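Just need the whole structure built from these sequences, with the hints factored in.
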Amino acid sequence: MTAVIEVSGLTKRYGDTLALDDVSFSIEKDTIYGLLGRNGAGKTTIMSILTAQNFATSGSVRVFGEEPYENARVLSRLCFVRESQKYPEDASPLHAFRTARLFFPNWDQELADRLVDEFQLPLKRPIKKLSRGQLSAVGVIIGLAARAEITFFDEPYLGLDAVARQIFYDRLLEDYAEHPRTVILSSHLIDEVSNLIEKVLVVDRGRIIMAEDTDAVRDRAANIVGDTAAVDAFVAGRTVIHRESLGRVSSVTVMGALTDEDRRELSAHGLDVTPVSLQQLIVRATQNATGSTAASEEGSLR
Amino acid sequence: MSRTLNVVRMQLVNRQTYVWVPLMVLAGALVITIAIWAALSSGGLEGAKYGGGAQAPLWYFAIVGVQALTRTFPFSQAMSVTRREFHLGTILTAALTSFLLAAIFVVGGVIERATDGWGVNGYFFALDWIWADGPLVAGFFYFAMAMLFFVAGYTGAAILKRYGNIVLTATLIVLALLLIGGMWLLGRLDAWGTFFGWFATAGPGMLALLMAAVAAVLAVAMFPVLRRTVP
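Quick note, the sequences are listed as chains A and B, same order.
Anchor point for the first sequence: position 118 equals 118 in my numbering, and the numbering is continuous, going up by one each time.
Anchor point for the second sequence: position 79 equals 1079 in my numbering, and the numbering is continuous, going up by one each time.
Hints in this document: simulated from the structure, not taken from any laboratory.
Hints are not guaranteed to be accurate.
[What the hints assert, rightly or not] Which chain B residues face chain A? A few, computed with CB under 10 Å, are given here:
#1 A1038
#2 S1041
#3 A1078
#4 R1083
#5 E1085
Keep in mind it's a predicted model, so treat the numbers as computed, not measured.
Heads up, the beta-carbon is just placed ideally off N, CA and C, and yes, glycines get one too.
Laid out in structure tokens, this is it:
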């Protein structure tokens, strides 16, 4: 696998606020990444520094092996439409797409037309009069039809209804299968994108706290479902992160990968194993990281 | 280079902003002015009448300069355009449209002079002092003025976006103070006569050159600011 983006020691400070704290990671070619984290964790800051829209306080960023800032050779292979993207005064979606066609060498007009149709986007209405969902659709269409080698989607589903979101996920996967590329999707609807993303990058308070294959993350924990007494016996001594009960049936989420022996024991007691929601795992990881940071901050205060 | 030219196309993709609205502003101002002149003439006012309505589209250029930075610049970043490409393309667009505006002013002025001021002895484009050295110099004067208005708006917006409201306000206050200081100095030295005398002898060409020079200096000096501006 080749890395298309390499970040090392990236730090971004806004006045007193440390938005990114010595972040290092790399992004591999032709892979779909989920850039996950809470609001204000630093997701948009990372994406805007990678695309040279914003500036690092310190640290280095290499995209296709080069510094992206003022580098047309690199930038023309990237596409990043912000969640709060501004458009020219009085511009309509039609103007935006015509312009995108000028700048993105792989622009696919047919795909753009089809998406306009599917999202039922009014092409000639001024962008400032569009609803939040229609505004998101403009960004999504540019991101998909540009077919840039690295495409960033910044919370692309804001205001989109369930049908529109599904269209986005479906078209992204379809087009990705035909034209492999690197996609970095920032999201806090973790479960909704979990089937889409191959790798997970979790940002919390300006730090990367998880960078793994989605499947590996999923294997970190399991849901044990079955008779409450049997479930309780099995989970005794294990780390339980979630518990739901209905009558005599319980579903308990435990940390740690299951061994073969575990699985034999589970089937012997008639218990079922179901996959854990990625969201739960990440929420837990984020809470842990937050807890330890808070603790160390308290410690340093004393 | 082609990407810089594409920035021009991006700026002009919505022709409403750069072409039709300024033309409408201009045509509207002209029609209203001629109507007023006609009314004055029918009222028996015979002398030559002059209108300042031609400056209307110039102010619009300043607004377009502001919007180029506050709206189109962030969009250009999403289009993966470098700041240098954006800057060159935007200045080129401003030059192109300023040239068009100047050409319209010259044609308007020529018509005006040929028809004795639209038949009502009124002058909208062909103001005597600006036209003293002929239509070409007048055209250059209008071009330089439009460029200056555009670049001033564009630079002001860049300062606002890069450094915030306080720095922009401070800059404007300092500029105003410098201006007042200059005026005070002129009065103190009893040099107002010399000052206006210089303008009278230098003619419109010199003033146009001066405006073009200020616009050029601003356009160059603002680039380092734009280079560090975040959309």
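Hints versus structure:
The beta carbon of A1038 (chain B) is not positioned within 10 Å of any beta carbon in chain A (closest approach about 34 Å), and the interface hint is therefore violated. The beta carbon of S1041 (chain B) comes no nearer than 39 Å to any beta carbon in chain A, farther than 10 Å, and the hint placing it at the interface is violated. For A1078 (chain B), the interface hint holds, the least distance from its beta-carbon to any beta-carbon of chain A being 5 Å, beneath 10 Å. Taking 10 Å as the C-beta cut-off, the interface hint given for R1083 (chain B) holds, the closest approach to chain A being about 6 Å.
Of the supplied interface hints, the one on E1085 (chain B) holds, with its beta-carbon coming within about 7 Å of a beta-carbon of chain A, less than 10 Å.
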